[in-house]
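A.B. asks: Chains as they are written, first to last, in my numbering: chain Z, 1 to 350; chain X, 351 to 639.
Keep in mind that the hints are not guaranteed to be accurate.
Here are the simulated DMTMM-like pairs of lysine to aspartate or glutamate, each with C-alpha atoms no more than 25 angstroms apart in a straight line [stated by the list, open to error]:
| id | chain 1 | residue 1 | chain 2 | residue 2 |
| --- | --- | --- | --- | --- |
| 1 | Z | K266 | Z | D248 |
| 2 | Z | K333 | Z | D287 |
| 3 | Z | K338 | Z | D320 |
| 4 | Z | K153 | Z | D248 |
| 5 | X | K453 | Z | E53 |
| 6 | Z | K266 | Z | E307 |
| 7 | Z | K166 | Z | E307 |
| 8 | Z | K338 | Z | D232 |
| 9 | Z | K102 | Z | D56 |
| 10 | X | K531 | Z | E53 |
| 11 | Z | K102 | X | E597 |
| 12 | Z | K7 | Z | E65 |
| 13 | Z | K153 | X | E538 |
| 14 | X | K453 | X | D533 |
| 15 | Z | K153 | Z | E53 |
| 16 | X | K531 | Z | E159 |
| 17 | X | K531 | Z | D94 |
| 18 | Z | K153 | Z | E25 |
| 19 | Z | K7 | Z | E159 |
| 20 | Z | K153 | Z | D63 |
| 21 | Z | K102 | X | D533 |
To give an idea of the interface, some chain Z residues facing chain X are shown, with a C-beta separation under 10 angstroms as derived from the structure [what the hints assert, rightly or not]:
| id | residue |
| --- | --- |
| 22 | F52 |
| 23 | R75 |
| 24 | K102 |
Note that these hints are calculated values from the structure, not bench results.
We put the beta carbon where it would ideally sit given N, CA and C, even for glycine.
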Amino acid sequence: MSFLSIKAVSKAFAGPPVVDNVDLEVPQGQFFTLLGPSGCGKTTLLRMIAGFETPDRGTISIDGEAMNDIPPHLRPTNMVFQNYAIFPHLNVFDNIAYGLRKQRLPKAELRARVEAMLATVRLEGLGGRGAGQLSGGQRQRVALARALVRRPKLLLLDEPLAALDKRLREAMQIELRALQRQVGITFLMVTHDQDEALSLADQVAVMSSGRILQIASPRELYERPNCREVADFIGQNNFFHATVKTIDADSVTVNAGLLGVVTLAKANVMCAVAPGDRLLLAIRPEDIAFDDAGLAGEIAAATFLGETSLFQVRVAGRSDPVIVSNYFDPPSKAVHLKFPPQFLIGLPEH
Amino acid sequence: MAEKGRNQGAENGYLLLAPTLLVMGLALAAPLALVAIYSLKTQSGIGLSDGWTLARYGEVLGRASYQVLFWRSLAVSGAVTLVTLVLAYPMAYFVAFRARRAKFLWLIALTIPFWTSYLLRVFSWKIILGFDGLINSGLMRLGLIDHPLTFLLYNPFAVVVTLAHAWAAFAILPIYVSLEKIDRALLEAATDLGDGPLRRFLRVTLPLSMPGVIGAAILIFVPTTGDYVTPTLVGGPAGSMIANMIEVQFGRIGNWPLGSALALVSMVAVAMVAGSFVLLARWAAAQVR
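Kindly produce the complete structure, drawing on both the sequences and the hints.
C.D. replies: Here you go:
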């Protein structure tokens, strides 16, 4: 049994289930991320682990101990809230010490633990600051320190970086990752920001409409999504309809309309197929190349993004433009596109 | 430009304040100044003597009977404040945290007693507490007592009960507002950090609702100290307060300078007690960790 184990958990408020029969296993010491659009149930799942919501069905256990009947204030978890929930009537020191007071530690030990935690989150010397005198980044650090100082078995983070501006967010991502390695506590983070999920997590669970679609490492998720929704939500993708022609020992040959007849490695086909089945082919914008020959098209729009540009290429016989990402502008608006077969991923049609 | 703009803002501010300042000047500052002047005079017949004297203050501070009245007034309104806060806090808490959809209805319901006149409310307490009133006749009918209880009416107890009821809404509303403002995430954070419901209340909810509690306390303590209607109607001789004495000086006895001195001394006393209460409450809230 893994460290955090969620089995067949469902939760509905009024109406359809917000969390629908979710199974999830998180190993100890991982930085695990729940990724999904707002309203997909990821925060509700997190709150059920913290104990603020009660599951309608299913079990949640942490380190082998069933949590269902344990009230939130006795669970071995701590949470970093979305807007940090810093106590406004306490200074930084007392905010961090808040969760330790009940343990009645000797004064010196309490002080030592809080000071050590202040150093860990790089807030040395700010213990006396009032809660109202902190910047966004500092508030985030106080929230982290306040939770970590209790040495929880599992740290829950509810969109911890969403309230910060872009620059600070990127800096905090690196810090958060380093902090997790340093303290070795299992982190479970909820986010709707795919960049955040990909750059921080050891493993990501993609959620949609209360269900988990795929659990994989960030690279696996990006390179080998298992369904259209994941392929669409993580980065951008171009989709083409195809029909399976023949199946060999390690390859699948499909008729892909505009792309002609292509042969995919079997490992790149994410579902069981039989000849005649319909399939959806996905390819990333950066995997499509401009070439001298290939599918003819015309550039309808180009967006300069700094290191690359994004081109919308109109192709005869297709309503959606093909999205291509490239470093250089092609010499003319009339282009030919090449689709290297090793980058084509076969997905179930729905 | 910026300087001019700021001045213009200040002028507009005073313009907006002007009606209030006018009313405050005519109805508060001027009468208060008049009272201060009276308190330095001596009554002679129906007029005032010409000279200035501090003798009235000597009388006020020297006479034991006045001191009894002062202390009783402070004690009674202190008790009223305490009782009202203790009764009002749970109600405000209920409306802020438990009443989900019907919040507005609850707030209206809490103010319903105020739709009737103040005098009516005092008289109804007289009916409830009286010698052959609701409580006594009820208890006698039940056979729990043989003779009517006499400690219910015409004493400080009756004054406290009546005033506490009369001022309940003035305590509930400010406390409700300050509870309502508390970010619910803070309560979850306290729970998450290991506090059970009681510890959480003492460490987060109560300190954060302190502004409302202090506001309510002052709103009740200050006017009840000066109340003379309730003591007159339900207080009896043992329940009369300093304002009754002030009323008598301005009325039947006709010693306006003495009444003025009594009024000013009680004003200062109330201000001092209220001020130290605010300091005490702030200090207590700062001790919570």
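A.B. asks: Each hint needs a verdict: does it hold in this structure or not?
C.D. replies: Structure-based check of each hint:
1. K266/Z to D248/Z: 8 angstroms, holds
2. K333/Z to D287/Z: 19 angstroms, holds
3. K338/Z to D320/Z: 17 angstroms, holds
4. K153/Z to D248/Z: Violated. K153/Z to D248/Z sits at ~48 angstroms, over the 25 angstroms cutoff.
5. K453/X to E53/Z: Satisfied, since the Cα-Cα distance of roughly 23 angstroms is no more than 25 angstroms.
6. K266/Z to E307/Z: 33 angstroms, violated
7. K166/Z to E307/Z: At roughly 18 angstroms apart (the allowed maximum being 25 angstroms), E307/Z and K166/Z satisfy the hint.
8. K338/Z to D232/Z: 21 angstroms, holds
9. K102/Z to D56/Z: Cα-Cα ~31 angstroms, so violated.
10. K531/X to E53/Z: 23 angstroms, holds
11. K102/Z to E597/X: At roughly 55 angstroms apart (the allowed maximum being 25 angstroms), E597/X and K102/Z break the hint.
12. K7/Z to E65/Z: Cα-Cα ~13 angstroms, so holds.
13. K153/Z to E538/X: OK: K153/Z and E538/X at ~18 angstroms, within 25 angstroms.
14. K453/X to D533/X: 17 angstroms, holds
15. K153/Z to E53/Z: OK: K153/Z and E53/Z at ~19 angstroms, within 25 angstroms.
16. K531/X to E159/Z: 23 angstroms, holds
17. K531/X to D94/Z: Between K531/X and D94/Z the Cα gap is close to 22 angstroms, so the pair holds against 25 angstroms.
18. K153/Z to E25/Z: 15 angstroms, holds
19. K7/Z to E159/Z: 23 angstroms, holds
20. K153/Z to D63/Z: Holds, because 8 angstroms separates the two Cα atoms, which is no more than 25 angstroms.
21. K102/Z to D533/X: Status holds; Cα separation ~23 angstroms.
22. F52: 6 angstroms, holds
23. R75: Because about 8 angstroms separates R75/Z from the closest Cβ in chain X, which is inside the 10 angstroms limit, the hint holds.
24. K102: For K102/Z, the interface hint holds, since the closest Cβ of chain X sits about 5 angstroms away, which is under 10 angstroms.
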